[in-house]
Amino acid sequence: MPETTYWRSVEELRGEPPPRPELSDLHDPAGAGESRRDFLKLMGFSIGAAALAGCTRIPERQAVPLLAQPEGTLPGVESWYATTCGGCSAGCGLLVKTRDGRPIKVEGNPHSPLSGGATCATGQATVLSLYDGQRLKGPLLHGRPASWEEADAFVASHLDTLATGGGRLALLTETIASPASRRLSEDFLRRFPGAIHAVHDPVSLAALRHANEQSFGRPVVPRFHFDRARVIVGLEADFLGTWLSPVEFARAYSRGRRLTDRNSGMSRHYQFEAGLSLTGSNADRRVAVLPSELGLVALALAGRLAARSGGGEPVPKVEPPCDPALLDTVADDLWQHRGESLVVSGLNDPAVQAVVNRINSLLGNVGKTIDLDHPSWQRQGDDGAVTALIEAMERGEVGGLLLWGVNPAYDHPQAGRFVKALARVPFKVSFAGRLDETAEHADAVCPDHHFLESWGDAEPVAGSFGLRQPVIAPLFATRSVHESLLRWMGAPADPLAHLREVWRRDVFPRQSRWAAFDDFWDHALQDGVFEPPAASTDEATPPVDRGDLAAAAASILAGHAAARAAGGLEVRLYEKVGMRDGRHANNPWLQELPDPITRVTWGNYVSVAPALAAEQGLADGDVVVLKKAGAALELPVQVQPGHARQAVSVALGYGRTRAGKVGNGVGANAFPLLAASAGGFRLEKTGRRQTLAATQLHHSMEGRPIVREATLAELARNPAAGNEERPRLETLWAEHPREGHHWGMAIDLSSCLGCGACVVACQAENNVAVVGRDEVTRGREMHWIRIDRYYQGSEDEPRTVYQPMMCQHCGNAPCETVCPVLATVHSSDGINQQVYNRCVGTRYCANNCPYKVRRFNWFQYANNDRFDYTMNGDLGRMVLNPDVVVRSRGVMEKCSLCTQRIQAGKLRAEAAGTPLADGEIRTACQQACPAEAIVFGDQADAGSEVARQQASPRFYHVLEELNTRPVVGYLTHVHNPPEKA
Amino acid sequence: MSGDLLVASFAGETELLAAVRAAREGEFRIGDVFTPYAVHGLDEALAAPRSRLPWATLAGGLAGLAAAVGLQVWAAVVDWPLNVGGKPANSALAFLPISFELTVLLGGLSTAAAFFWRSGLGRRLDPRLAAPGITDDALVMVLPLPGDPDREAALRELLRAAGASELREVPAP
Amino acid sequence: MAAESIPLRLPWVEGRPSLKQITDDVCRPLATRPSASWLACFAVALAALSAGAAAAGYEVATGIGTWGLNKSVGWAFDITNFVFWIGIGHAGTLISAILMLFRQKWRTSISRSAEGMTIFAVMCAGLFPLLHMGRPWFAFWVFPYPNTRGPLWVNFRSPLLWDVVAISTYFTISFVFWFVGMIPDLATLRDRTAPGWRKRIYSLLSLGWDGSGRTWARYETLSLILAGLATPLVVSVHSIVSMDFATSVIPGWHTTLFPPYFVAGAVFSGFGMVMTLLIITRKVMALERYITLRHLEAMAKILLLTGSLVGFCYLTELFLAWYGGNPYERAAFWNRAMGPYAWAYWTMMTCNLFVPQLLWWRRLRTSVPLLFVVSLLVNVGMWFERFVIIVTSLHRDFLPSSWVMYKPTIIEVGILIGSFGLFFTLFLLFVQALPVIAMWEVKGVAAGEAKS
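Chains as they are written, first to last, in the numbering used here: chain A, 202 to 1182; chain B, 121 to 293; chain C, 29 to 480.
These aren't lab readings, by the way, just hints derived from the structure by calculation. Since the structure is predicted, the reported quantities are computational estimates derived from the model, not experimental observations. C-beta atoms are modelled at their ideal positions from N, C-alpha and C, and glycine is treated no differently. Hints may be right or wrong, so weigh each one.
Restraint-style ranges between C-beta atoms, simulated for each label pair [what the hints assert, rightly or not]: (1) A:Pro-525 with C:Pro-368: 37 to 47 Å; (2) B:Ala-179 with C:Phe-171: 17 to 27 Å; (3) C:Leu-346 with B:Trp-200: 41 to 51 Å; (4) A:Val-1036 with B:Ala-212: 17 to 27 Å; (5) B:Trp-200 with C:Leu-392: 56 to 66 Å; (6) C:Leu-392 with B:Ala-186: 47 to 57 Å; (7) C:Tyr-86 with A:Arg-974: 14 to 24 Å; (8) A:Val-1036 with C:Leu-348: 32 to 42 Å.
Chain A on its own, in the form it takes in the complex (with noise of 0.2 Å):
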């Protein structure tokens, strides 16, 4: 009889596979099949957005699913605000990611013609002061809490009595570079008879707008393009590091230094400082000398090019401080290159500038590579000013007084007596975001919003402007101090409105592409910058030097003999990259951010020349007092390679009394030196010792091929200079099978310049702990690139070069191998993956892996009270990224080359069914690199700029005789000495 047959489906029936579901049938839309690691990760979104739906004003502990859905915001999908960096003045454009509705991470604004994309440390931090648990929650009048009402009713009141007579009305503010605010301040003061309204620079260049009236007739600080300079001499002048505007600065340099096919040359950077800056540190010829003696290189130079100019005014001649045929090797240099040449000096003294000026006049690079005509609006500041402000309270004669942005209790070099001062002043309003030092004193704080919260403008040059939108809603009661002054004038309180009527007004008409406003203020919203059309490049004359260099000349030689009749040791106060004038104290980001230099965290110290510190039997961390007259500070030793010998260097911006939790009591207080004359100090031992903080310890190479290093010389002979030796490598095995992307990284070493902002970047994007200051001199600090610093040379005369380490994603990785439990293994496309919720926390990986990146979880840094500082608090965990898992305690990490980021550009490009277009995935490190010293991309393809970087002679990995054939790779350190001297 037949068989009978049952089947249950056709498929079955005719022997083919059933159909089976595809899981990205359940999320895809572009139905592409996903990976296992996909799904979990949209998972995580859907459940971490779901957790965090509820937070965009207060965070909320348990889930509340939005009932209403804010418009704009996709729960787990990013958007993008372009605004302006509130960091510093120098305002940068910023483009910030907020996932639902909170500003995570700050990027470059691309479009920024200033800052081109890139950012700086400080500003990249700036994110995380927003929730900062230490800002004012709302106003307070006379130290208690009260509310906008009540507060407003207390200034009407005494504003009125001020407008009717009652004593001369003060506004005291920091640099405004804000076509809005200054409009308002000038509009408000108008109430006011006798109004005074003064400008303060914690670290003042007053001397610099001073010298250029006397010089050209124009009080501005000119806007320096160090791309278009050949040549470059800094006198004391960081300006790839805190000067004026360091991103902007510190890109165009390395744009004038940028090897590629196509461009061989570079710039030749002389740095004349007593200590070592990190712009120092990048020059190819640095000399230390005094700050005493750096007026006297400039009149040196000066006379030897106006030599070579043949007549002009004579310039007294001088007996320069350091090797006098450098200094015609320098004289030549820039003598040569008339008009593609930059000379500038940081010193806050006018007779310097002004023989800087005439220096520059003589090279003609006046309406070249520096323009007048197009000033920056950095340090307005007006030491005069506020001095006279100081006076006048002190007469009494201030009826009331408004502190905007200024913090002079703590960062005035007559701190004390600006308190005193403030005694009698019967009304003092403070705007400060938090309770500090000024602020305390205040009858009424009004606090200002922080700058993601608020709207607002900049004009960081004449004629580059910027926008600034609120990015979420305010998390406390604070208000703009626009509003403030808005409300207090009567007017509509509106800053929105206030800020396009000043664009309607003030920059609308300098533009003709779009006819009606309202698409003219939509554009330049979403762009966050505008630069109208520049008005008929007036390269007419240049400005004739009219500065009295006679005169400078006897202030120069008389400071010096004065400086030589003090003896003892000159100070020299330096504002620390990242840390700056030290309002962002509070930062632990920033506290824990290693400086260039000295790879110090968490505060200041005073730095010495090994020559002294071995004369007064000094070393790193012994304590000391540095004394003399009227002043004095205490802190740790850190002896400094290459620092001028008679000479000390203390960072400002440390010693905060009243930044919150994080930054009180960091260091010490180093503003009341400004007070007092540079020369006449001297070293005390305490007898106590305090470790520095420091990430790295050992500060030479050994002699190994770590950073290979070339001349330009040497390079044009040989275009693999310094790069010969490449080892054979073999290999056992095949090498395993690759499907698509291999991803990998090129790191021009001659075009990282140190600054750190990488760091910070990756701290921001990755979530990175920090474990604060007693964990970091244990050498536990988590930071997943760090960047490495190393001396050649002699102590007296180091040469400085900089090397980012991270994970170096080795494809024979020493580290996956000895892992017992498989929680290191590598993907198909290139990237060495760390499993944390795999890792048992063995720490044979970190043991066994050549470059010592990986870093262990040695306690839960997350949600513990012995690590109060990001992730210890509900407000302090908004700013974290929630693609990236919060690691827990006893587990490795490390870099993962932003694999997050690297997931969400493939799917990206699945969901728009493109191929992943080169640079289109760019690492939180090379994103925020002002430098562009970083290439992130796929070196399976052979066009990519990344392979296009790997084929170059300079090319090489770190090690690589070890056989670990990494993917991230390094291009030789190339600098440009002199060929004499």
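Following the hints, position chains B and C against chain A.
Below, chains B and C alone, put in the same frame as chain A:
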């Protein structure tokens, strides 16, 4: 005929061994010999067959080897091959140590198990001792009494000659 | 009679005790209450153990951060102690297995305690791989069990995994060996103990041993096989431990010399520890008659041999570092001998290479106090050997930017002390509860000597 046993005690191993040899020459069946320690030469004297324990060792060892190699290769090559340090999925060399260890482990355990099983250790925890001091200082030989009285007399004579310190009859268990 | 004739060789058992005498001597301490000296030792050991337990508890509860480790030095005390204790264990196996294969009669009176030492040392060693994990509660992940993660297996290429298997095997085999060796003696105890719970326990453990000749025959075979297995095992275990370092890329670790070097070192340190223990035990338990000066001298000779082997390895390392011409290797060894941890290196050199050379002289070899001091120094030296290998290689490896110093914390020291506490607690319990000398073996030897 009662199947009683004759228990002969000896002062030392010399006497015991002599008695064992004599008894075997006299073609008497030897029940067993009980001593407080392993008397050397007793096996030869008794002409005991060679132990087959080594076979258990071999079997266990091979099993261990097979298990180790099997698991490692299957897990690393077949079940879920992963790129670990750029090494091939079948990193045979790296699998050697574990293979060796498991061979030894199972070899040893199986031998011990076989020993316990064959010697019946652990079956009864209160054994009936041939003589009180067996585990202290007594060396005894146990023989089944031959039925025929002449033979029995000969046996007793032979044992005394060999130096038995005492002869007892005990009922069979 | 032979008894009166002058023996050609000195006896391994002094005073010609009768078999009964031997039984009584060995069993007496087990029947009587613990002596005052025993109680004193036990109190100290327990105190140390509790201190260690507290330290370990704090570490597990708080994090590895309670140790002095850092970004470059990921191992220090933890793995140093691990290797140290494993090494200690090796002497036991060597004495019971290898010397048995060589038919060394003198091992009989010390083998039992040596094997016990092995087991306790391996227990101590096993603690550290567990404690050193960042997440010890997931330690079971290192076992290849079917799971719902794929199943995701373990990395059979990782020396740490080899360790896990090797150590467990080593422990199991040593334990079986130890227990089997004790069955006849347990039977002896069973038969001399009055009925009661003690007797019941002894009956249970002795598995109804009746001293049958047939069983003895198989028993000897079993011992030989286990010895035959344990011998390559003991060599493999420390070779594998050495591969934790040898298979890495770190200069100072990446050395093919390590396996023999480590095995020699293990035997060396092990004999040092046996010496220490026996010199104490024979006093405390009044067993000088069985653990004679000849035993100590024999062990002293082994110390001299293995110590010189280890020293030879040190010198070979130095030579190859120079001769090999690898700059990183050279730097690593220069740093060992001249760097900030030179004091540790020279402690190691002194204790392991120079001190044992004293044992060339018979007079020194036979002086119990001196042997005691030497044995202690050997243990110190061997601990430092592992410390030097681990820490000085890690704290300065390839990139000078990551060079750091390592300083232990009180917690790490506490855990080290605790491991000693655990070891001595177990050992003291052992000598009080079980026959510390293999009676049946000694009886065999004694009988043999009686014949001669």
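We went through each hint and held it up to the structure:
1. A:Pro-525 with C:Pro-368: 37 to 47 Å: Holds: the Cβ-Cβ distance is about 44 Å, inside 37 to 47 Å.
2. B:Ala-179 with C:Phe-171: 17 to 27 Å: Hint holds: Cβ distance 25 Å, inside 17 to 27 Å.
3. C:Leu-346 with B:Trp-200: 41 to 51 Å: 44 Å, holds
4. A:Val-1036 with B:Ala-212: 17 to 27 Å: The hint (17 to 27 Å, Cβ to Cβ) holds, given that Val-1036 (chain A) and Ala-212 (chain B) are roughly 25 Å apart.
5. B:Trp-200 with C:Leu-392: 56 to 66 Å: 60 Å, holds
6. C:Leu-392 with B:Ala-186: 47 to 57 Å: 52 Å, holds
7. C:Tyr-86 with A:Arg-974: 14 to 24 Å: Holds, since Tyr-86 (chain C) and Arg-974 (chain A) (Cβ atoms, about 23 Å apart) stay within the stated range.
8. A:Val-1036 with C:Leu-348: 32 to 42 Å: Holds - the Cβ-Cβ distance for Val-1036 (chain A) and Leu-348 (chain C), about 37 Å, lies within 32 to 42 Å.
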